[in-house]
Amino acid sequence: MNSPKRQSFRYRTFQKDRFTENLGQTTDLIVDTISSFLSTYSDQLAKIETAITTGNLQDLEISAHALKGAVSNFYADEAYLIAWKLEQMGHDKVTTDTLSLFQQLTVAINHLTLDLRDFLDEITNK
Amino acid sequence: MRLPINKKKKILIVDDSAFDQRLAAKILSSREDLDPVCVSSGDECLEALKENNIAMILMDIMMPGKYGTQILMDIRKTHSPIELPIIMVTAKTDISDVVGCIESGANDFLTKPLNFEVTMARILYCSPITR
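Line by line, the protein sequences are chains D and H. Take 4 as the starting number for the first sequence in my numbering and just add one per residue. Take 295 as the starting number for the second sequence in my numbering and just add one per residue.
Chain D extracted, bound-state conformation (with noise of 0.2 Å):
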């Protein structure tokens, strides 16, 4: 039985020609930006779940900075806008709703991973 095709975005999560511009165009970069996300973002996102189920709001703050400076590597707007306002939320001790933008910032994660991996997959399998 074939497995199902993964979903692909096609690299419409994130800005493929500006990130590896960015860089150089230096595939060792480029390889070794996307890995080194692939392997921390959930990391990242279980920080600011915590300090939003804890009520830290520093702790939000400077996590949301974090993964919203992560996903600017790849200028993936989506991704980075919500980052931006949980860190915005986290600065003005703004608690309300916290957790539906958390939700919609993880599904923009994983779109992105998803987007990231396919990429991955292009550039090594050339």
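FYI, nobody ran anything at the bench for these hints, they're computed from the structure. Wrong hints could be hidden among the right ones.
[To be verified] DSSO-like, lysine-lysine: derived pairs with alpha carbons at most 30 Å apart: (1) Lys-320/H - Lys-50/D; (2) Lys-360/H - Lys-303/H; (3) Lys-360/H - Lys-50/D; (4) Lys-301/H - Lys-344/H; (5) Lys-360/H - Lys-371/H; (6) Lys-96/D - Lys-360/H; (7) Lys-320/H - Lys-19/D; (8) Lys-320/H - Lys-301/H; (9) Lys-50/D - Lys-96/D; (10) Lys-320/H - Lys-360/H; (11) Lys-88/D - Lys-50/D; (12) Lys-344/H - Lys-303/H; (13) Lys-88/D - Lys-360/H; (14) Lys-371/H - Lys-302/H; (15) Lys-50/D - Lys-19/D.
Since we're looking at a predicted model, the values are computed, not measured.
Take the given structure of chain D and dock chain H to it, following the hints.
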């Protein structure tokens, strides 16, 4: 012939994000004469300054505990901008952050996402020993 490790210039990367540390270190490693060393906090930064011969610091502004600008001011009490160039790095882009860094004694400023060419150019410009 590879440059021996003791001939390389140590560049201290101060960032609480493992991802950002790794990216900055990879960029710096493209030059054979640079040896990136990573720490995660202001306290670790000050300890590293005591123990290692650090030629330059790349420091994130926003970290848990002490902010980068506060650590910068602490370092400037004992190390001048010429003795120890410090480049602040941040995803924040408010003009007040840039001005704040410069007024606190930073030699220069980089915004995330780090651009490979801009990062190398600023490092080379800031430090006469890497020219």
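Going through the hints against the structure:
no.: 1; hint: Lys-320/H - Lys-50/D; result: holds (25 Å)
no.: 2; hint: Lys-360/H - Lys-303/H; result: holds (26 Å)
no.: 3; hint: Lys-360/H - Lys-50/D; result: holds (19 Å)
no.: 4; hint: Lys-301/H - Lys-344/H; result: holds (19 Å)
no.: 5; hint: Lys-360/H - Lys-371/H; result: holds (16 Å)
no.: 6; hint: Lys-96/D - Lys-360/H; result: holds (19 Å)
no.: 7; hint: Lys-320/H - Lys-19/D; result: holds (20 Å)
no.: 8; hint: Lys-320/H - Lys-301/H; result: holds (19 Å)
no.: 9; hint: Lys-50/D - Lys-96/D; result: holds (17 Å)
no.: 10; hint: Lys-320/H - Lys-360/H; result: holds (26 Å)
no.: 11; hint: Lys-88/D - Lys-50/D; result: holds (16 Å)
no.: 12; hint: Lys-344/H - Lys-303/H; result: holds (16 Å)
no.: 13; hint: Lys-88/D - Lys-360/H; result: holds (23 Å)
no.: 14; hint: Lys-371/H - Lys-302/H; result: holds (26 Å)
no.: 15; hint: Lys-50/D - Lys-19/D; result: holds (27 Å)
Figure legend: structure checked against the earlier numbered hints; every hint is met.
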